[in-house]
Every structure is written in structure tokens, then in C-alpha cells.
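Protein chains: 2
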Amino acid sequence: MSERRGLLIILSSPSGAGKSTLARKLRDWDASLQFSISATTRKPRVGETDAKDYYFVSEDDFRKYVNEGEMLEHARVFNNYYGSPKGPVQKAIDNGRDVLFDVDWQGAQQISNSSLKQHVLSIFILPPSIRELRRRLETRGQDDQDTIALRMEKSWDEISHWDGYDYVLVNDDLVDTEARLKAIITAERLRLSQQPKLVDHVRALQAEFEETK
Amino acid sequence: MSERRGLLIILSSPSGAGKSTLARKLRDWDASLQFSISATTRKPRVGETDAKDYYFVSEDDFRKYVNEGEMLEHARVFNNYYGSPKGPVQKAIDNGRDVLFDVDWQGAQQISNSSLKQHVLSIFILPPSIRELRRRLETRGQDDQDTIALRMEKSWDEISHWDGYDYVLVNDDLVDTEARLKAIITAERLRLSQQPKLVDHVRALQAEFEETK
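Residue numbers (full-length UniProt numbering), protein chains in the order written: chain A, 1 to 213; chain B, 1 to 213.
Check before you lean on any hint, since a few could be wrong.
Footprint (simulated), chain B over chain A, 3 or more residues, beta carbon under 8 Å [stated by the list, open to error]:
| no. | region |
| --- | --- |
| 1 | 110-120 |
| 2 | 153-166 |
With a straight-line cut-off of 20 Å between C-alpha atoms, the simulated DMTMM-like cross-links for lysine to aspartate or glutamate are [said to hold, decoys possible]:
| no. | chain 1 | residue 1 | chain 2 | residue 2 |
| --- | --- | --- | --- | --- |
| 3 | A | K213 | B | D143 |
| 4 | B | K197 | A | D172 |
| 5 | B | K154 | A | E210 |
| 6 | A | K213 | B | E208 |
| 7 | B | K197 | A | D173 |
| 8 | A | K154 | B | E208 |
| 9 | B | K213 | A | E153 |
| 10 | B | K182 | A | D176 |
| 11 | B | K117 | A | D166 |
Some chain B residues well away from chain A (every beta-carbon gap over 12 Å; in silico) [as the list claims (entries may be wrong)]:
| no. | residue |
| --- | --- |
| 12 | Y65 |
| 13 | D94 |
| 14 | R97 |
| 15 | N113 |
| 16 | G141 |
No lab work stands behind these hints: they were computed from the structure. Here the structure is a predicted model, which is why all the values come from computation and not from measurement. Beta carbons are placed, not taken as given, at the ideal position from N, Cα and C, and that holds for glycine.
Next up, chain A with everything else stripped away, as it sits in the complex:
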């Protein structure tokens, strides 16, 4: 067993609140952080690699994983299923590596109620204003007004579930928010439940105490 147990770090936010940028900054800070790879029943697109972009699985296999409790969360999007397989996450945290999840509030809720809930750390990033959120969506320049209106509806749905998370940050300054995220992760790694090896240290203290008294 590793010195410390890894965390399941859930980062949720409406799109445009800075989540992807922050996730990259965390990865730059600690290269051992890994992103959770989703399983999906949709077909791979050109250039996508199995076990890197997604785990591509059949619908039968996907259902079997869900029934066996091997999915930490899952959802159906149009005609395809998406989910977070437990196996690789369990392996990572046993090896002391944290796993980052980019999921919406429904995924966050499912992971927070999963069999690994003891090791979950969930963080919600709020935008400073709706105007700022819309501005960021518009400056991406990818979408027409109808699509942006739809995205804004989706963003509001996401924001309205802000209070189901352990920590909530308002991203009004990227540098501040990054520092806060790092403090949260640094702290959570020091929780009793994340340090399975501490019991050995205390046993050594006890032995030493018995010897010398």
C-alpha cells in the first residue's frame, strides 16, 4: 500500500467558468494527478485511442459493469452511455495517485454516493457573473446565438446545484482560484482517511514508548 491514499477530485462548473484551465494548472503543479478516463458505448472517432480518450465498450458490457457496481457514475446521452469505471480509479488511489473528474452535478452526486465516497473531494467553481460567463462562451466564437442560449440554460442548470459540493469557489481571479484549489488538495491529502500508513508510525511510537519507560 502506498504511503497515502489518492483522492477522487471532482471539479464541476458551468462551461466558461474556467474549469479546463484550472484542471491543466493542477496537472502542471502535480504531474502525478491523473484525469479519469470515461467508458462509452459510442463508436471511436478518427484519431481516438482506446484507454486514452475513452474506454470503448459494447452496450452489453456497459450494462454488466453498471449492474456489478463497476461504474462510479453513468449517464445516457442521446443513444450512447457514458460512465466512470471504478477499476482504474481504485488502482490509482491505492497507489497514492489522485484522480480528477470533470463531471456535471449528476455525475458528482453519483460519485459522492459511490463505494469510494470516503475518498471523494468535490469542488464547485462559480463564475463571478453571468455576463462574464456569456462573454467567455461568445469569445470562443464556435457557436451561433441559439446554441449559446442553450449553453446558458445548461450552465444555469449546473449552477443551481452549486450547494451539493464540499467546497465552493468563486473564480473571480484565476491566480487566486488556482492557489485555493492547491490548498484544498494539499489539505485533503492530510485527512486521517487518506493516510493509511500513519497507523504504522503510531505503532512504532508505541513500541519505542514501551521500550524506554
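Dock chain B against chain A, hints included.
Same frame as chain A, now just chain B:
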């Protein structure tokens, strides 16, 4: 109501593990941190000031406070009672100030089960070794060998309750431990339960969203 709610920060450790030094460092870091002042039924000594060193109270009053749930924790030591009154702590946290408690594991347990438990952050400091703990007690030079043996017994009793805390740190390097403590406090201030004003921010976002859609 203050922007954020204060925390009840419990710092426990055997004596000699560096707790007092660390408490001072935290106070230097954030002058708004206040130390909890105990109530006691013992008589004031020369130079002690009421409401600064202790709240000096009668035994009748002390019992009344306990019965009315106005003590977050209390204990009898020889013929005197000691305890942490809730009133000043409640006032501090409502004003967004954190309160630091220097209590043993029994006090920590009582505070962690008190009516303010939602805002409690408990940290245990372990020594790197028993040898180091003994060395620190001996270099204080205040005590004879029998007293040191007694203190070591008391220290072991304290260490044996290490696993009842939220966070556990091994103080093998004072600079590291100080940085970790600061990260824990910085993080815990960002918990949903510590940010009562965030609901106003989300209401403002909602109003803005409704207006602009």
C-alpha cells in the same frame, strides 16, 4: 452576518510535539485568529486578569453553564472545573473569526460533538519519535525524572487517541508542518458550510440570468 463563518480549530498533541510554537506561528500569520479563553472555578493567581487569562466563575455558575449547554467542553482537574464557554466562540465565528482551542483529546471529543460541531476542524500533531518528545521535555529543564516519566505517560495517553481527529500531521519539520496547517485552514474556510454569504452571490447570478435570457 460576516462574509464567512469562523472555524473552531482544535489543535491537540502530546506536550513537546511543537503545538505551542505552531499556534504562535498561526497567530503571526493571521492576527484575526483568536485563542479560546477557558472558564475556571479556581481562584485567580497574582497577575492573572479575568476575561484575558481565564473567565473566573463560581462553582454554581459553572454548573449552571454546563446544564444550560453553554460549555463546549469541560473537565474537572483536582478540585477545580475548567471549560470552554460557548458564547464568546459563537460571537467570534458569527463575525468570521476563527477560534483556536488548545485542548486534550477529551476536550476535542466534546467540542467535536457540541452544537457547533459543523464548524469544527480538528488537527492532531504527532511527534516524529518518542526520543524526540522526551528530549524536548528534558531540555525545558523544569522537571525532575519522575515528573518527566509522568508527562511521558500522559503524552502516550494523548497519542493513543490520534485517530479521532479530522487531520493528522507528523511534525518532523516545523516549516513543513506550519505550511500544512496553513493549507488546512485556508481550505476549510472554503467549505460550503463556512460561506453563508455565497447564497447571495448565487441569487444575484440567478437574477442576472433571468434578466438576460
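Starting from the hint list further up, note which numbers the structure goes against and sort them upward.
1, 6
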